[in-house]
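Peer 1: So the chains spell out like this:
2 protein chains.
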Amino acid sequence: MSEESRVLTLREVMAKLGLDAFLISQPESRRYLSGFTGHDHPPMDSAGFLLITESTAFLLTDGRTVEQAEQETTGYEVVRIENRLQDALAQIIPDLALKRFGFEGNHLPYRRYEELKEVVDPNTLLVPTYEVVDELRAIKDEREIEAIEEAVILADAAFDHILGMIEPGQTEQQLAWEIEAFLRTHGAEGISFDPIVASGPNSSRPHHVPSTRPVQVGEPIILDWGARLRGYCSDITRTIVLGEADDQFKRVYNTVLDAQIRAEKRIKTGITGIKADSFARKAIEEAGYGEYFVHSTGHGVGLAIHENPTLRRTSENILRDGMVFSVEPGVYIPGWGGVRIEDLVTLQDGRPVVLTRSPKQLDAVEV
Amino acid sequence: MSEESRVLTLREVMAKLGLDAFLISQPESRRYLSGFTGHDHPPMDSAGFLLITESTAFLLTDGRTVEQAEQETTGYEVVRIENRLQDALAQIIPDLALKRFGFEGNHLPYRRYEELKEVVDPNTLLVPTYEVVDELRAIKDEREIEAIEEAVILADAAFDHILGMIEPGQTEQQLAWEIEAFLRTHGAEGISFDPIVASGPNSSRPHHVPSTRPVQVGEPIILDWGARLRGYCSDITRTIVLGEADDQFKRVYNTVLDAQIRAEKRIKTGITGIKADSFARKAIEEAGYGEYFVHSTGHGVGLAIHENPTLRRTSENILRDGMVFSVEPGVYIPGWGGVRIEDLVTLQDGRPVVLTRSPKQLDAVEV
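Going down the list, the protein sequences come from chains A and B.
Under my numbering, think of the first position of the first sequence as 2, with each following residue one higher.
Under my numbering, think of the first position of the second sequence as 2, with each following residue one higher.
In short, the hints are calculated from the structure, not lab data.
Each hint should be verified, as a subset may be incorrect.
The list makes no distinction among identical chains, and a pair is therefore deemed to hold if it is satisfied within one copy or across any two copies.
For lysine-lysine, the following DSBU-like pairs were computed, each having C-alpha atoms within a straight-line distance of at most 30 Å [what the hints assert, rightly or not]:
| # | residue 1 | residue 2 |
| --- | --- | --- |
| 1 | K118 | K17 |
| 2 | K118 | K100 |
| 3 | K276 | K118 |
| 4 | K17 | K283 |
| 5 | K283 | K118 |
| 6 | K100 | K269 |
| 7 | K251 | K118 |
| 8 | K266 | K283 |
Whole structure, please, built from the sequences with the hints as guidance.
Peer 2: Right, dumping it as structure tokens:
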């Protein structure tokens, strides 16, 4: 689907919401609807905004990126922001005679909202919207799934590389860099997020930042990384052990692996995020580790590393064909360590298709 | 200055502003005031918030980073966000009987503001504040300047490395990766931003994204990069030429270099950002290239790559001892290319001290 047809789809949603204009500020939504790849330094420096109306589309950006915006987009009138966003909007908005002007409530900073209020007509109602473009983005088309698949293949190749080079005594930071350097020199345009390498007791922290701790034989080592390609992310986690796994590791590992595979098999189109979360959660609870599964089962992946849908205990999101999301149960035992196993999954014709190919059987991860 | 004394300073400012509580959402300000290094995925995933009152300090974060927050901070009560920020705030706020509750207007998304409104007492006034912690952060103490100096030394070493390895035919992307890999394997904890390598006509775009274009003899090549160390950024730009520079390059280069050195000499404590901007701008205008200097002269650098002060035509910021900022005039001629030269400068005892040591004389950049 081209960016232009995405804008047409958005206009249909705008009509349903009774919006005659929509200001897009979220960088990923901006890219999704326009193709513009400008870089942001939030919160103060935004590479640009989209203003979509029933019949026109504007891209507002500053002098440094006007040329890039014109080259990368089709169907947009590029408007230069000389100083402040509201000055640029003031050139456009009065002619539009807007009644209901939508904006992205999850993203627009309070100050920009106040500035919008200053610039619109007193008769214009500013309408916060939530997850409008996010919901469109959640359903991927073929071209998007292809990009994600290529990013998954790169992530899989990095795991193969790590299995071939990892040795006791290398630090978490060295291994994290090894993953990143592999991805960046094998075709990735970037990484989805800073790789996590968490060894031994550090692995009980799901968001551990790689340290100078050397990895050791016999302990759990969680590796979590992703590649970015044409803007799209992949996301994978594997837990490995150097040498032979002890009984506790085997017990925890097989619990998580069983839960992960069970979820991947049962997830299907039409169920809620709550239901999707429950498959892995119940399996882990039945094994007696329920209190140690401290996060959700998964999240959507696309232009953003965390996007719709969410697979968690409170998520009313309905899973649909074309969605791409992680399935990543984990068990984290303070003082001992943790195990997490994560694949990317998409739904096609109602059924789950696992995109990640890296091995995850216990004997495959003893290196 | 410890994080605890920073909180004391903030409380003095809060007293002046008549605030009895202050919600900090900006990641860099959160780190500055607490030492907590949690990672954010904006706009939806925040690693945490600070709530500072006259006598207490809370750090609100989710279950994945509670342990890290407790280890990294002193003087904070760490509160776990089970699901939504406002639920966690609802446990704390009622006891405080707040009258004026400040928040960061530049950063807090509209939705979080709406959620705050739901949770505070009807008698509590929510007060948007602008650049409060940002202004504290703008004045660096010795420990901060040391971190920036070390990040500058790393950036300087990367330039030396590039001068030793660059050859015609290498692509912009290869060179950008070479810079990043050098920094990451020589002690940087990260990069300040994705390095810019812009060659030939690409160098007329100040924010060019490195492409597969091979660099060639005789053309301008702009390199712009920075290292991150203990959270603090460096930022440097050099423009080089492979082989001998032609007359046009020499003319443009010497104009920018002259403007850059003039600005570095004249900038001093007590002047405005407007005045600081004017030194380089006037020099470039006098040389006849005024219309091609399309950005500001500089920006503050610290925990964020762009922060206070700003050195531009509209900046009322007053330069102070302890500030650290870039001085980076440039000339960009569409179709031909551009030249930018950037150092980091700090003010001590009223006078400028240039932190960057990389050579910038024309003969030093012909490689």
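Peer 1: If a hint holds in the structure, say so; if it does not, say that too.
Peer 2: Each hint tested on the structure:
no., hint, verdict
1, K118 to K17, "both (23 Å within a copy, 28 Å between copies)"
2, K118 to K100, "both (13 Å within a copy, 26 Å between copies)"
3, K276 to K118, "neither (41 Å within a copy, 32 Å between copies)"
4, K17 to K283, "neither (39 Å within a copy, 54 Å between copies)"
5, K283 to K118, "neither (48 Å within a copy, 37 Å between copies)"
6, K100 to K269, "neither (41 Å within a copy, 50 Å between copies)"
7, K251 to K118, "neither (59 Å within a copy, 49 Å between copies)"
8, K266 to K283, "within (14 Å within a copy, 68 Å between copies)"
The structure fails hints 3, 4, 5, 6 and 7 (numbered hints given earlier, in ascending order).
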